[in-house]
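Enquirer: Sequence:
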Amino acid sequence: MFNTAIDFKKELNSEQWKAVQTINGPILILAGAGSGKTRVITYRIAYLISMGIRPENILAVTFTNKAADEMKQRVCYLLNDENPEVWIRTYHSTCARILRKESEKINIQQNFAIYDESDQLALIKECISELNLDTRELKPDFVLHCINRAKENLISPDEYYVSSNIFSNTIKIIYKIYNQRLRQNNALDFDDLILKTVELFENFPEVLERYQEKFKYIMVDEYQDTNRAQYVLTNLLASKHRNICVVGDDDQSIYSWRGAEIRNILDFENDYPETTVIKLEQNYRSTKIILKAASEVVKNNTQRKKKVLWCENEMGDPIEYFDAEDDKQEAEFIARKILEEHYQGVEFNEIAVFYRLNYQSRIFEECFAQYKIPYEVIGALKFYERAEIKNLLAYLRVINNPSDSVSLKRIINLPARNIGKDTIDKIVGFQKENNLTFFESLKRISEINGLNKKSIESVKKFIKMLEKFIEMSKKLNLYDLALRIAHESGYLEHLRRKETEEEINRRKNVEELLLSINDFVKNNPSATIQDYLEGVSLKSDIDDWSNEKVSLMTLHNAKGLEFGIVFITGVEDGIIPHYKAREEGRYEEERRLLYVGITRAKKKLYITTADKRRNYQGNSFYTKKSPFLREIPNEVFATLQR
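Under the numbering used here, think of the first position of the sequence shown as 1, with each following residue one higher.
What the hints contain is simulated information worked out from the structure, not anything from laboratory work. Just so you know, even glycine gets a beta-carbon here, dropped at the ideal spot from N, CA and C. One thing to keep in mind: the hints can contain errors.
Derived DEER-like restraints, expressed as beta-carbon distance ranges [to be verified]: (1) 263 x 525: 39 to 49 Å; (2) 213 x 525: 23 to 33 Å; (3) 528 x 415: 22 to 32 Å; (4) 122 x 619: 20 to 30 Å.
Build the full structure now, drawing on both the sequences and the hints.
Expert: Right, dumping it as structure tokens:
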């Protein structure tokens, strides 16, 4: 069963080997940046199995599909097994799988849809409209943020705290209606996946015990990034056998704005007093110079577990610091340096430019286009969020779950079918009066008063087409079905109306989607529409990252990645640290953010600032250097002249 060519002990340092060998009880692995934590997790899974623990009794949880897939591949190699029964998944994927199996207990159908942010916003807008409120005053994205934070903290609509904020009581009402609409649509949002699993375990102790017996050994990667709901879920599963191994780095906790709680990792030993603590401090990624700069910065934080990164790598080049006159000169300097490095043999995909705020990417994009440097903005509009992609996927979502009113309303008049807003409003009114789903109301279109004959016939034709697609889905594979839908719905023809560059790009994107579905079918011949849609719904920015160009990204998106050469830009007071950091109690997190950026670099690091920047109105303003710069020792720098 095992790959006999691998000698576990020889491939691990002493602390890594200790982490792999320590099997029972709670374990806290403090894994510094670049210390080989993925190797430790995967080797530990293989070691557990070698000690007679059944693969199906192991659960390994991480935060991105990319990380989960990498772990699966490594475990398959170590075990010499193409499909071990270990659950290696993200939190959301784990919970989605549990909820589909236990759907009856939470009063939802097994084919529930998973709503992403754009679906959520569409539903929030409907709720706001239903209450006759103005979206210009009560912003849907603000409402969604409040609801998401409540769900991350396991707060129900009834428990939602009404503060002195004039909108809080309204948000509480919207939250309740929003949840009702989700249920009517047979849908869950991302946060529901965790929240509903916690509710399932708390309300059905026998179900919890079944999963506790199934997952006797639990490993959690990036534990410092867990929020309240994930923390509660993890402890529910681990509470019986207490064989929980968490891996993380408090110095890389940078997602409090997403609900991550650094106290989860800092207080782990309070939750599990019998914890074995193992520190992975040997770094395999960066040069000594880069590690020294990172360590000197982060040691100024008070909320941290003490550890000291070290390496056996070369001393490396000094950090090059450039203070530009303005942001334009900063971008031009970086562009020239990238070309110099490239001409000396560095591939573009080994170079990354980091910034604190998304708007900072614009000047780099313009400059790189001028210098003909190929680049990719990570964290910009994702492929699966593009309108043309979501439109075609909406057909598949309706076929899988006809109760999904958000997807139905997206495609009902796309391409145009003479089913306008007035018609849809009357259908919605009929739906509410008769307590039906939107799809059921469409099927009873002849009973709705006030509709003209043409609209009624258009809806009937639309429903007939959908029912035809639903029947096709029982016979065709997913690719053939998607291809038929693209043609027979008229959607591909709709995209051929204009030969503008924008329309051509949309068609190419849809063609790319069809190719990706074809690949999915080849790689997963027994997978269902539901399997495919779930995978798409749970994708993250980094999962779709293609590293064939220079990468432009925020420091937050950089976590978990590494590059030969890194540029950290705009290291100024008000940018990093962000100007709101002190008043919001996030000052130490901003320092950790810079630490994360520094430790992404393997060979060479550039840090840049600008004396002047421009705001969105085009007006210039003077800047101050970041106080964090003073925490980096002078001896690691090689200052460049303008």
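Enquirer: If you test the structure against every hint from before, which numbers come out violated?
Expert: Violated hint: only 4; rest satisfied.
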